[in-house]
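Peer 1: In mature numbering (1 follows the signal peptide of the UniProt record, and there is no 0), the protein residues as written are -24 to -1, 1 to 465.
Honestly, the hints are just simulated from the structure, not real lab data. Beta carbons: idealized from backbone N, C-alpha and C, even for Gly. Check before you lean on any hint, since a few could be wrong.
List time: in silico DSS-like cross-link candidates among lysine-lysine, alpha-carbon distance up to 27 angstroms [said to hold, decoys possible]:
| hint | residue 1 | residue 2 |
| --- | --- | --- |
| 1 | Lys293 | Lys364 |
| 2 | Lys110 | Lys133 |
| 3 | Lys133 | Lys20 |
| 4 | Lys358 | Lys306 |
| 5 | Lys327 | Lys411 |
| 6 | Lys20 | Lys364 |
| 7 | Lys133 | Lys159 |
| 8 | Lys327 | Lys427 |
| 9 | Lys20 | Lys110 |
| 10 | Lys376 | Lys427 |
| 11 | Lys327 | Lys358 |
| 12 | Lys317 | Lys306 |
| 13 | Lys427 | Lys438 |
| 14 | Lys110 | Lys186 |
| 15 | Lys186 | Lys133 |
| 16 | Lys171 | Lys186 |
| 17 | Lys317 | Lys110 |
| 18 | Lys376 | Lys293 |
Pairwise CB distance ranges (calculated) [as the list claims (entries may be wrong)]:
| hint | residue 1 | residue 2 | range |
| --- | --- | --- | --- |
| 19 | Arg465 | Val12 | 54 to 60 angstroms |
| 20 | Gly66 | Thr350 | 16 to 22 angstroms |
| 21 | Met122 | Lys364 | 58 to 64 angstroms |
| 22 | Ala141 | Gly66 | 52 to 58 angstroms |
| 23 | Ser233 | Ala261 | 19 to 25 angstroms |
| 24 | Thr442 | Glu412 | 21 to 27 angstroms |
| 25 | Ala82 | Glu279 | 50 to 56 angstroms |
| 26 | Gln399 | Met122 | 35 to 41 angstroms |
| 27 | Met122 | Val12 | 46 to 52 angstroms |
| 28 | Val264 | Ser233 | 40 to 46 angstroms |
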Amino acid sequence: MKKLLAIFQVVLCAGLSTYTFGQALPVLPAPNHSSVHSAVINGKVTVNGTSQTPAGIIAILSRVDGGTSVPVSYALSDNTGNFSLFGHVGNTYQVSYVYPTAGFSALSGSPSTSIVAAAGNNSISDLVLVAGDKTITNCGVSTNNMTDWQGTVLVDKARPTNNAALQSVSVFHSAAVENPTIKITATSTGATYSKLDLGALVSIEGPAGKTYAGLESYKLFAGNRQAERISLTPDQVLTYYDISSAKSEVLTVSEFSEFIGAGQVSFDVMAEAATAITSTSGNSAFEVSTYAKAGVCLTYTYEVNPLPVTLTSFVAKATSEGKLSTVDVKWSTTAETNSEKFEVEKSADAKNWQLAGTKAAAQNSDVLNNYSFTDLSPLGGKSYYRLKMVDLDGSFAYSKIVGVQLEGSNIQMNLFPNPVAQQLFVQEEGQQTVKEVTIFNNAGNVVSFNKEVAADKGVDVKSLLTGTYLVRVTVNDGSHYTHRIVIAR
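The task is simple: from the sequences and hints, build the whole structure.
Peer 2: Pasting the structure below:
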């Protein structure tokens, strides 16, 4: 019996959590990895009541099969919180997260509701993290690169808005490894494998060596027991597609100096392909490409709430009654420290904001407070709302941005011609007077501003380049109307 042992860059680290596939060994291509996965399940990591979209969170796609869940795909969320997982058309799947529990006290909708994957893009939207009490969690992630590579992950330092005393800093390390294709070709004598582990070692080291995690994330294909071995007949070819795995580790920092103040914390990352093979007979040729991605989250825990407001929900809903359209904005807090007021802001493009209204805050509270505001003069069409939470000392923070769609508008306005070449005419069909006409380009910049526009004179657009623009019309009662126009010549 011939025995060949080839091990490259294998490091064992105690106390780590490895997220690997749940199929019994040996893992053969059919039925899950014998062809390219043509269903893409997309999602976004969000934090309830905030605009935060954490990076470096492990997303796991599991196939629901006879009441059991079998993990089949792994990914890390990117710097905008987005992730993509890969499955087969027609299978039923659920998505779950692995996240820093020091910073997020609960998880809503985990696992997600089940979906039957269709070809192309599918969406998961009901997974929401809930921020923990008295904490600030910031995250960063690398790009997905072919091994071997070295780089850095930058994470923003926490900036509390008060003088809350820092109690601890927790570091959540994560890594995801992807093998798009694995091809094993036996020689003319065939081959048998009692060990076949493929993946990568992702090392993440903090400033001054104060933290280190060696995350060996790999997929196990075979085992030592006879029933767990992979046996290939002479010249047989095994091809696996869309293999992935992930791993995480949490460490607590005992000395804070490198993690506080302004700026960012830099973590050095080194990713190396890791392979462990034991052949009990024969030989094979391997074709493997390995990609790896690394993430870091820092959770700062304080004696008291480090932010003026803990926002647990923020929603906006458009309503219509006859020709009257309004937007109801509601939000809730579970903690407020020296908070002064809430300013509801709205925008036609999510870039240029205006004040819609103000609500007084509870100032100091550790109980649930519910707030509401009704915008009686909303913008027409699609618009956006956010909450500006202002502290007594003038500091402030913003909520997440939410969008609403008005089916109609309180203002009956005609803009013509559209497309337009030289002169754009604005006609209000009611009793209002057009006060201002503002034109924005696609970057959100004001390119034309006109006051007291008469219906028979219009707005000169000859100097504007051809393309699509957003027009905001303000009438004398302060109401607004927005519409897109095309300038063409």
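Peer 1: Is the Cα-Cα distance between Lys171 and Lys186 27 angstroms or less?
Peer 2: violated, 35 angstroms
Peer 1: CA of Lys327 to CA of Lys427, is that 27 angstroms or under?
Peer 2: holds, 22 angstroms
Peer 1: Cβ-Cβ distance between Ser233 and Ala261: within 19 to 25 angstroms?
Peer 2: violated, 52 angstroms
Peer 1: Using the C-beta atoms of Gln399 and Met122, is the stated range 35 to 41 angstroms upheld?
Peer 2: violated, 56 angstroms
Peer 1: Mind checking the hinted window 16 to 22 angstroms against the Cβ distance between Gly66 and Thr350?
Peer 2: Violated, at about 46 angstroms.
Peer 1: Taking only the CA atoms, is the gap from Lys293 to Lys364 under or equal to 27 angstroms?
Peer 2: holds, 18 angstroms
Peer 1: Could you tell me whether the CB distance from Met122 to Val12 stays inside 46 to 52 angstroms?
Peer 2: This hint is violated: roughly 18 angstroms between Cβ atoms.
Peer 1: Looking only at beta-carbon atoms, does the pair Ala82, Glu279 fall within the given range of 50 to 56 angstroms?
Peer 2: violated, 21 angstroms
Peer 1: What's the verdict on Lys376 and Lys293, does the C-alpha distance respect the 27 angstroms limit or exceed it?
Peer 2: holds, 15 angstroms
Peer 1: Does Lys133 sit within 27 angstroms of Lys186, going by the straight-line distance between their CA atoms?
Peer 2: OK: Lys186 and Lys133 at ~16 angstroms, within 27 angstroms.
Peer 1: Verify the proposed pairing of Lys20 with Lys364, using a straight-line Cα cut of 27 angstroms.
Peer 2: OK: Lys20 and Lys364 at ~23 angstroms, within 27 angstroms.
Peer 1: Is the Cα-Cα distance between Lys376 and Lys427 27 angstroms or less?
Peer 2: Not satisfied, since the Cα-Cα distance of roughly 33 angstroms exceeds 27 angstroms.
The earlier numbered hints that this structure contradicts are 7, 10, 16, 19, 20, 21, 23, 25, 26, 27.
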